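S.K.: Full structure from sequences and hints, please.
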Amino acid sequence: LKDHSAGLNCGRWDYIFSFIKKFRNHEKFLLPNRTEVTMERHFLKSYVDLLIQTCHKRNVHAMGGMAAQIPIRGNEEQNQIAMDKVASDKSREANAGHDGTWIAHPGLSDVAMNAFNQAMGTSANQISNKRNDVSVSAQDLIKVPNGSITEEGLRQNISIGIQYIEAWLSGNGCVPINNLMEDAATAEISRSQIWQWIHHAAKTTDTNKAITEEYFSKTLDEEMDQMIASRGFESDYLQPAINLFKEMSTDSEFDEFLTLPAYKHL
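Number 269 marks the last residue of the sequence shown (the numbering used here); no jumps.
Don't read these hints as lab results, they were simulated from the structure.
In this text the structure is predicted, and so the values were computed from the model without any measurement.
Where hints are given, some of them may not hold.
Stated by the list, open to error - For lysine-lysine, the following BS3-like pairs were computed, each having C-alpha atoms within a straight-line distance of at most 25 Å:
no.	residue 1	residue 2
1	K212	K31
2	K249	K212
3	K249	K267
4	K60	K133
5	K48	K24
6	K48	K60
7	K5	K60
8	K206	K25
9	K249	K221
10	K221	K206
11	K206	K249
12	K48	K133
13	K48	K31
14	K24	K212
15	K146	K25
16	K31	K206
17	K24	K206
18	K146	K31
19	K88	K48
20	K146	K206
21	K146	K24
22	K146	K48
23	K133	K5
24	K25	K249
25	K249	K24
26	K24	K267
27	K48	K25
M.R.: Here it is, written out as C-alpha cells:
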C-alpha cells in the first residue's frame with residue numbers, strides 16, 4: 004500500500020477486535036471489560052509507539068485514534084467530564100508523537116486542536132521525531148492486561164452490540180449510544196468478547212458466575228426488556244438484531260465479521 008497511503012491511523016477498537024478474534028481459542032488471552040482496555044495498557048501503548056515509529060521512519064503521518072465522545076447537551080457537568088477525557092486522550096496522542104487525530108463530532112475540534120497545539124507549537128507535524136527510543140517486541144503487542152470481567156461488562160456488551168446491529172440494519176453505520184459514537188468495531192468487540200467468555204466459561208470477577216449460554220441468554224432477555232420499556236416501542240429491526248447477536252455470540256464457529264451474516268437481513 005506504500006504507493007497509495009499517506010499514513011496510518013491508530014484504530015484502537017479495530018486492534019482490540021483483531022486481538023480477540025485472533026486469540027479467541029486461547030483462554031489465557033481473555034480480555035477484561037472493554038471499558039478497562041484503555042490506551043494506557045501496555046499492549047495498546049506498544050501498538051501506538053510502533054505505529055508512530057513505523058510511519059515516521061517512512062516520512063508519513065501517524066494519526067491518532069477516534070475520540071468517540073459526543074457533546075452532551077443540557078448537562079454541563081457531564082459534558083465537561085467528557086471534554087476533559089477528550090483533552091487528556093489527545094494530549095497523550097500528541098505527546099506520543101502523533102501528527103494529527105480523529106474526532107467523532109465537530110464539537111470536539113477545539114479541544115483536540117488545543118491539545119496538539121500545546122505539544123507541537125507551530126509545527127505542521129512531528130515526522131522529525133523518529134521515535135528511535137522505541138523497541139517493541141511481539142510479546143509487547145500481545146501482553147494481556149489485567150482487569151475485571153463483570154456482569155455489568157456483559158450487559159454493556161449486549162446493549163451496545165444489539166443497538167448497533169439494530170441501527171446498522173436500518174441503514175445507519177455510525178450510531179450514538181450513551182453519548183459515544185459507536186461503529187462496527189465496537190459492536191464486533193461486544194459480540195466477540197461474549198463469544199470468547201462463553202466458550203471458555205469465564206467467571207465474573209464480582210459474582211463468580213461462569214458466563215454460560217444460559218446466563219448470557221437470561222441477561223440478554225433482561226437487557227432487552229429494559230430497553231423496550233424505556234423506549235416505549237419496539238422497532239422493526241430490533242428482533243432481527245437480537246437474533247443475529249445471540250446467534251453470533253453462541254455459535255460453535257466464529258464469524259469473521261458480523262456484517263457478513265447481517266447483509267442477509269437487508
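S.K.: All hints are to be evaluated individually against the structure, with a verdict given for each.
M.R.: Results for each hint:
no.: 1; hint: K212 / K31; in the structure: 18 Å, holds
no.: 2; hint: K249 / K212; in the structure: 19 Å, holds
no.: 3; hint: K249 / K267; in the structure: 16 Å, holds
no.: 4; hint: K60 / K133; in the structure: 6 Å, holds
no.: 5; hint: K48 / K24; in the structure: 20 Å, holds
no.: 6; hint: K48 / K60; in the structure: 18 Å, holds
no.: 7; hint: K5 / K60; in the structure: 13 Å, holds
no.: 8; hint: K206 / K25; in the structure: 21 Å, holds
no.: 9; hint: K249 / K221; in the structure: 11 Å, holds
no.: 10; hint: K221 / K206; in the structure: 16 Å, holds
no.: 11; hint: K206 / K249; in the structure: 19 Å, holds
no.: 12; hint: K48 / K133; in the structure: 16 Å, holds
no.: 13; hint: K48 / K31; in the structure: 20 Å, holds
no.: 14; hint: K24 / K212; in the structure: 24 Å, holds
no.: 15; hint: K146 / K25; in the structure: 14 Å, holds
no.: 16; hint: K31 / K206; in the structure: 13 Å, holds
no.: 17; hint: K24 / K206; in the structure: 20 Å, holds
no.: 18; hint: K146 / K31; in the structure: 10 Å, holds
no.: 19; hint: K88 / K48; in the structure: 17 Å, holds
no.: 20; hint: K146 / K206; in the structure: 20 Å, holds
no.: 21; hint: K146 / K24; in the structure: 15 Å, holds
no.: 22; hint: K146 / K48; in the structure: 11 Å, holds
no.: 23; hint: K133 / K5; in the structure: 18 Å, holds
no.: 24; hint: K25 / K249; in the structure: 21 Å, holds
no.: 25; hint: K249 / K24; in the structure: 17 Å, holds
no.: 26; hint: K24 / K267; in the structure: 22 Å, holds
no.: 27; hint: K48 / K25; in the structure: 19 Å, holds
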